[in-house]
Amino acid sequence: MTQQPILRLDDVVRTHGTGNTAVHALRGVSLTVRAGELVAVMGPSGSGKSTLLNLAGGLDAPTEGAVSIDGQVLASLSRAGLDRLRRRTMGFVFQDLNLIPSLTAIENVSLPMELDGVGVRKARAAARDALGKVGILELADRFPEQLSGGQQQRAAIARALVGDRRLVLADEPTGALDSTTGEAVLRTLRDQCDDGAGGLLVTHESRHAAWADRVIFLRDGVVVDATGDAETPESLLETGV
Amino acid sequence: MSIKHSLLALLQDGPGYGAQLRQEFEQRTGGTWPLNVGQVYTTLGRLERDGLVESAGAADEEGRIAYQLTDAGRTEVEQWWAVPVAREQTPRNELAIKLALAVTLPGVDVQRIVQTQRTATMTHLRDLTRLKRRADGEDLAWELVLESLVFADEAEVRWLDHVEARISRLGPPEAKASRTAPGATAGNAGVREGATNG
Numbered sequence: 324m325t326q327q328p329i330l331r332l333d334d335v336v337r338t339h340g341t342g343n344t345a346v347h348a349l350r351g352v353s354l355t356v357r358a359g360e361l362v363a364v365m366g367p368s369g370s371g372k373s374t375l376l377n378l379a380g381g382l383d384a385p386t387e388g389a390v391s392i393d394g395q396v397l398a399s400l401s402r403a404g405l406d407r408l409r410r411r412t413m414g415f416v417f418q419d420l421n422l423i424p425s426l427t428a429i430e431n432v433s434l435p436m437e438l439d440g441v442g443v444r445k446a447r448a449a450a451r452d453a454l455g456k457v458g459i460l461e462l463a464d465r466f467p468e469q470l471s472g473g474q475q476q477r478a479a480i481a482r483a484l485v486g487d488r489r490l491v492l493a494d495e496p497t498g499a500l501d502s503t504t505g506e507a508v509l510r511t512l513r514d515q516c517d518d519g520a521g522g523l524l525v526t527h528e529s530r531h532a533a534w535a536d537r538v539i540f541l542r543d544g545v546v547v548d549a550t551g552d553a554e555t556p557e558s559l560l561e562t563g564v
Numbered sequence: 437m438s439i440k441h442s443l444l445a446l447l448q449d450g451p452g453y454g455a456q457l458r459q460e461f462e463q464r465t466g467g468t469w470p471l472n473v474g475q476v477y478t479t480l481g482r483l484e485r486d487g488l489v490e491s492a493g494a495a496d497e498e499g500r501i502a503y504q505l506t507d508a509g510r511t512e513v514e515q516w517w518a519v520p521v522a523r524e525q526t527p528r529n530e531l532a533i534k535l536a537l538a539v540t541l542p543g544v545d546v547q548r549i550v551q552t553q554r555t556a557t558m559t560h561l562r563d564l565t566r567l568k569r570r571a572d573g574e575d576l577a578w579e580l581v582l583e584s585l586v587f588a589d590e591a592e593v594r595w596l597d598h599v600e601a602r603i604s605r606l607g608p609p610e611a612k613a614s615r616t617a618p619g620a621t622a623g624n625a626g627v628r629e630g631a632t633n634g
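Protein chains in written order, with the working numbering: chain L, 324 to 564; chain Z, 437 to 634.
Keep in mind the hints are simulated off the structure, nothing from the lab. Misleading hints may appear alongside valid ones.
[Said to hold, decoys possible] Just a few of them, taken from the derived set where beta-carbon distance is under 8 Å, the chain Z residues facing chain L:
(1) R554
(2) M558
(3) T559
(4) L561
(5) T565
(6) V586
(7) E590
(8) V593
(9) A601
[Unchecked claim] Label-pair ranges, simulated between beta-carbon atoms:
(10) D393(L) <-> R570(Z): 52 to 62 Å
(11) E462(Z) <-> D518(L): 27 to 37 Å
(12) R570(Z) <-> A389(L): 44 to 54 Å
(13) G340(L) <-> P520(Z): 49 to 59 Å
(14) S604(Z) <-> T386(L): 22 to 32 Å
(15) P520(Z) <-> D393(L): 51 to 61 Å
(16) S368(L) <-> P542(Z): 28 to 38 Å
(17) S368(L) <-> A536(Z): 54 to 64 Å
(18) G481(Z) <-> D518(L): 49 to 59 Å
(19) A536(Z) <-> T386(L): 33 to 43 Å
(20) L541(Z) <-> S368(L): 54 to 64 Å
(21) E462(Z) <-> S368(L): 40 to 50 Å
All C-beta atoms in this analysis are idealised placements derived from N, C-alpha and C, irrespective of residue type, glycine included.
Isolated chain Z (complex conformation) (with noise of 0.2 Å):
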């Protein structure tokens, strides 16, 4: 997440102090990603030594200084509006990562694996949809990012599904127990065939 693009984001409306700057961000994402102050005042640092912002003048009464945006800054903010967000080439999935184990390791259990995931991902799914229903059309930028934590729950459900009927597409494991190497439960001896031979 680019702390960076957000806090001079905030700052094109006008500006605004770190506290400030944290509160308003965390009001517009629902504290989904929480910043701590420290974050904020060491990135704003950067931010004044890379030319980006500068301070709007002498601290307040309360020995605050509220930064506003250099030319420079609002270039790199419209820069950002401009470009795609980077996705990283392979992000790191564990649950993938241990989808992938489970089913080319003996003695794992793969169909328990899908199942306790997706009722815990279907669980997380609808108490994302409770907070959803609470902010009711009050607040569209919140909305917005539960939504988006919607569909990737709602995605990797899918997922969990297509894993499930590849696994039972491969038939009944009983079959295939006696062809499983020693060690290996029945439950996945049907997997490790088709893993192997697939």
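Only chain L is shown next, with the shape it has when bound in the complex (with noise of 0.2 Å):
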């Protein structure tokens, strides 16, 4: 693969307190995720998962080691900076999905280019292309409490995809929905890393970390495995699956 990585961790290590009491959230963690690419983190509850997705969100800082996107080591920008490359590049789907309930779906959807000085009318045309692509345009103009579960879902997506969001991170990003909505909010990620930017999935869910390109396994705050490269799924077919 031949991508400019668009995140990279160098060797990143975070630990919480010190001494006795210090707890090892990640312990040398390297990672690239490259335009183009979906990336998946799978392991047990306290492996570090989310400590990984934070810091590479630049929502936490390294104790050692080195965090950048698009070739800029985070530690090394202005807050002002550092909150400028998160709302213009990052987009972040959570689980508690943070809709505004006093606005609407493309008010919530177009808020962070507004934030970032974008003139209402261009960021809500933005809003409108990323209400579309996760296919809940006719909802527009509905607030968050007239949706359902799963539309709520892709509101939030699309408000992580508005604009030009070239690396989205993404945590356990189909919560309770049931799994043909879940497997359409994976569909939608996947298609946003095929149109260029990167992705990085946490997922205790093996189903849906098989929609990345490659998935890593932490155990206790160390990378224990990878699966390689993709070959052609065809070649399953040659054998009988």
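Hints given; two lone chains; assemble the complex.
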């Protein structure tokens, strides 16, 4: 794969506390996510998955090692610079959707761009595109409470994808959705990566991780294994699956 | 897999000859369980002998004989739809056997076996997901077959996670290494303790 890295973690360590009470959430993890690539992270509770995602999104800083996005080391950025990078480059999809109840779906989706100084008309046009991508354009003017769980989840994803988000970070993005709706969410995430974004997906569901190009397994803060790059899926059929 | 019942079921849709039935079977199951044409003709021969199918007329210009269901054949298919698929009482599962042996024999790195298997199963699962994505709502029968394989892989990964959790709950192997039989590696010492005592 020759695409440039969007996200890079170099030998990242994250320790909470010191001395005897220190908790080693990550113990030397290196990871690269390139443009067009979706990488899934799996592992048991407490293995460091969420810490990894928070570090990748600049919501937390490593104790040792470096996190870079588009070649910029996050630790070298000012607070304002980091905020700008997060607003413009990254999209977050968390289990907790954080949709603002007093704003309609389209207002929720266009908000990050408007906060970034983009004109309302331009931001709304981008929001309409994003809502179209996740298949709920016709619900643009509804408030969150007028949407089903699956529709709210899609609105949250549209908000994460609006504009030119080059890195999408998702933590169990299918939440408690039924399997068909959950699959539609993953399909959207996958499409965004196929269109050139990089994606990092934390999940405990192997069926969801299977949408990624690569899967890494974390245990006790270290990568214990990773699947390799794709072979041609047709090879599955040559001998019967 | 019941070739017999699959062929009878396809004949419910009208008469067909061997190669045609084989093609229809593979089309519906995406070539997941390939049939060779010899198997199909042998089975049709047995079905005819047992009075479940009969030839639907003379051979065509290429010498092919189409078969159709008899009344007994129709009843047989109805029965097949009506009763649940029989499960072997305890189907042989190579992975379960491998791990059962691994946790009870010295010198085997169980953790490594679990990780290697999980990576392979995840890779298989990912490739199945790609095939499914390509099918994209176009072919319900084929997608359902793929999804059945996806759920089977998912179950295997969950079981492997469970095995790993049980092994790691036994604590760090180093602590128990001194109590391990000579020849056992530190890597499976804890497991052997657990397997023996638990």
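Assessment of proposed distance window 54 to 64 Å (beta carbons of L541(Z), S368(L)):
violated, 31 Å
Range first: 49 to 59 Å. Now tell me if the beta carbons of G340(L) and P520(Z) are that far apart.
Holds, since G340(L) and P520(Z) (Cβ atoms, about 56 Å apart) stay within the stated range.
Pairwise beta carbon distance, S368(L) to P542(Z), judged against the given window 28 to 38 Å
holds, 32 Å
Agreement of hint T559(Z) with chain L interface, Cβ distance less than 8 Å
This hint holds: T559(Z) lies near chain L, its Cβ roughly 5 Å from the closest one there, short of 8 Å.
Hint check: 8 Å Cβ-Cβ cutoff, T565(Z) to chain L
T565(Z) check passes; min Cβ-Cβ to chain L is 4 Å, inside 8 Å.
Is the hint on V593(Z) kept, meaning its closest Cβ partner in chain L is under 8 Å away?
holds, 4 Å
Restraint: V586(Z) near chain L, CB-CB cut 8 Å. Satisfied or not?
holds, 6 Å
May I ask you to test the hint 52 to 62 Å on the CB atoms belonging to D393(L) and R570(Z)?
violated, 31 Å
Just to be sure I understand the hint, the distance between the Cβ atoms of S368(L) and A536(Z) should be within 54 to 64 Å; is that true here?
violated, 27 Å
I want to verify a distance hint. Is the separation of the beta carbons of G481(Z) and D518(L) within 49 to 59 Å?
holds, 55 Å
Taking 8 Å as the limit, does the beta-carbon of E590(Z) come near enough to a beta-carbon in chain L?
holds, 5 Å
Against the range 33 to 43 Å, how does the distance between the Cβ atoms of A536(Z) and T386(L) compare: consistent or not?
Holds, since A536(Z) and T386(L) (Cβ atoms, about 41 Å apart) stay within the stated range.
Comparing the model with each earlier hint shows violations of hints 10, 12, 17 and 20; every other hint is respected.
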